[in-house]
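Colleague: What follows is each chain in one-letter form.
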Amino acid sequence: MGERTVIPFGPQHPVLPEPIHLDLVLEDETVVEAIPQIGYIHRGLEKLVEKKDFKQYVFVAERICGICSFIHSLGYCLSVEKVMGIEVPERATFLRTMWSELSRIHSHVLWMGLVADGYGFESLFMHSWRLREQILDLFEETTGGRVIFSACEVGGVRKDVTVEQLQKIKSTMISFEKELQEITNVFLNDASIKSRTKGVGVLTKQMAYDLGAVGPTLRASGVASDLRSTGYAAYGKLNFEPIIETDGDCYARTAVRIRETFQSIDLVKQCVDMMPEGDVRVDVKGNPDGESFIRLEQPRGEVLYYTKANGSKFLERYRVRTPTFANLAPLLEMLKGCDLADVPVIVLSIDPCISCTER
Amino acid sequence: MEQQTLRMISPEDLLSETLNLKNSGYRFVAISCTKVGEGLEISYSFEKNQDFVSLRIVVEDNAEIESVSCFYVPAFLYENEIKELFGIKVKNILLDYNDNFYKIAKKTPFNEKKEAL
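Quick mapping for you: the protein sequence lines, in order, are chains A and B.
Counted from 1, the first sequence has number 261 at position 261 by full-length UniProt numbering; the numbering is strictly sequential.
Counted from 1, the second sequence has number 80 at position 80 by full-length UniProt numbering; the numbering is strictly sequential.
The following block holds chain A by itself, in its conformation from the complex (with noise of 0.2 Å):
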């Protein structure tokens, strides 16, 4: 048996966009371990909902995380709603549908972004965050925000959108997916890529499934569970099928990724084609009293929110469990008997989102 040593990967290290530590446990230099340390930007958000009443604290929920914004407000007020029993107007749920899967095409651009960088390939991630820069503009656009946007509002969204934006999203779709094509094609048939990623950071699917993996880190795993397909918001009119591949490693991890991001461009083409006329948000009278379960599926996965009312303005209990909180643990499993250099592929390919985690 070789010598056991203790290495730290993080909280800082040039592939970790935020802050998390794993004390890695090598024998030479293959993983027999890793053990986790969070807790660097533990900001205490689900207490604040004892200072901000549920209308104000949208604001704070769309901050857990500022690449999943989005979907943590629409999934706050898709939470209050079911409490209050608000139905929303047809319009503003598929606004809030264009909106989630524009979302998650800047989230997994973003992502492909990073672990270019990660892999040293310096003008893959540049190209791939030049082409994010489209989306962000879109959001400004109809927003006003690039990155937080406050568009999500209890009771519908608090922006409409116009006939001449939508036509500029849906071409903006169209030119956008030519582009992305010359850059996935790198990120799939790239020797030197291929060999960092195909058989790298392998989880089974019985494993995936056990260890309670969730999103594009379950679904590499050939488990074909996608929350979107519940039907939430807008999504129960949408034509999709969840994106799966098979071998479980970080190569299919990032195939994955990839075709659902061809996949979104697909959704809000279909978002626009079918966008109803009529108001985007309903008034929004009295205080929550009551409880609920929502799930969603954020660009990493699936979100759980958790919230409590006692009918007064502030919520009595606002939980969140994120994605990542979810694939930390496959993460660890992944990481056994794999190589030290392969460490930072292996991190980047859950996609970590340590904000949301630690919230």
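No wet-lab data here; the hints were simulated from the structure.
None of the values given here were measured: they were computed from a predicted structure.
All C-beta atoms in this analysis are idealised placements derived from N, C-alpha and C, irrespective of residue type, glycine included.
Mixed in with the good hints, there may be bad ones.
Example chain B residues on the side facing chain A (calculated, C-beta under 7 Å, incomplete) [stated by the list, open to error]: (1) N20; (2) Q50; (3) N62.
So, partial list: chain A residues that the calculated Cβ filter (under 7 Å) puts toward chain B [claimed, not checked]: (4) G39; (5) H42; (6) K47; (7) K205; (8) Y209; (9) L211; (10) G212; (11) T230; (12) F293; (13) L304; (14) Y306; (15) K308; (16) R317; (17) R319; (18) A329.
With chain A's structure known, arrange chain B on it following the hints.
Modeller: Chain B in isolation, oriented as in the chain A frame:
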């Protein structure tokens, strides 16, 4: 839309009910904790084929509960979280961070004991 079920169980039945769900093929989703009066309400959530089931126990502040990480490994993360934020005592967690999970300065911020006036 998915089906959601919430079942109240006693703390003594937590392990057996969790094992039943494990044997029925349910995956682990989350553990959620809320302060209720002088006690704590803990919901263990599981899911299988869009059937979302939550088992709920209500315990006193000083109660000790068993860890379910023996059946569902990822539960150790959630149990460490509720230990640190709510002060609930959880026995036999697979990996216990001893209240050092989030490294927060204030002890049990979600279960503050109010000083008697």
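Colleague: Confirm or reject each hint.
Modeller: Hint check results:
1. For N20/B, the interface hint is violated, the least distance from its beta-carbon to any beta-carbon of chain A being 16 Å, above 7 Å.
2. At a threshold of 7 Å, the smallest CB-CB gap from Q50/B to chain A is about 6 Å, leaving the interface hint in force.
3. Of the supplied interface hints, the one on N62/B is violated, with its beta-carbon coming no nearer than about 21 Å to a beta-carbon of chain A, more than 7 Å.
4. Given the 7 Å rule on beta carbons, the hint for G39/A holds: about 4 Å separates it from the nearest Cβ of chain B.
5. For H42/A, the shortest C-beta to C-beta distance to chain B is roughly 4 Å, which falls under 7 Å, so the interface hint holds.
6. Taking 7 Å as the C-beta cut-off, the interface hint given for K47/A holds, the closest approach to chain B being about 6 Å.
7. Among the interface hints, the one on K205/A is violated; its C-beta lies about 12 Å from the nearest C-beta in chain B, farther than the 7 Å criterion.
8. Checking Y209/A against chain B: minimum C-beta separation of about 6 Å stays under 7 Å; hint holds.
9. For L211/A, the interface hint holds, the least distance from its beta-carbon to any beta-carbon of chain B being 6 Å, beneath 7 Å.
10. Checking G212/A against chain B: minimum C-beta separation of about 4 Å stays under 7 Å; hint holds.
11. At a threshold of 7 Å, the smallest CB-CB gap from T230/A to chain B is about 5 Å, leaving the interface hint in force.
12. For F293/A, the suggested interface contact is upheld, since its CB lies about 6 Å from the closest CB of chain B, less than 7 Å.
13. The beta carbon of L304/A comes within 5 Å of a beta carbon in chain B, closer than 7 Å, and the hint placing it at the interface holds.
14. Checking Y306/A against chain B by beta carbon gives a least distance of about 5 Å; that is within 7 Å, so the hint holds.
15. A least Cβ separation of about 6 Å between K308/A and chain B falls short of the 7 Å threshold, and the interface hint therefore holds.
16. Taking 7 Å as the C-beta contact cut-off toward chain B, the hint placing R317/A at the interface holds, the least distance being around 4 Å.
17. Interface restraint check: R319/A against chain B, minimum CB-CB distance 5 Å, threshold 7 Å, status holds.
18. Checking A329/A against chain B by beta carbon gives a least distance of about 4 Å; that is within 7 Å, so the hint holds.
Checked against the numbered hints given earlier, the structure breaks hints 1, 3 and 7 and satisfies all the rest.
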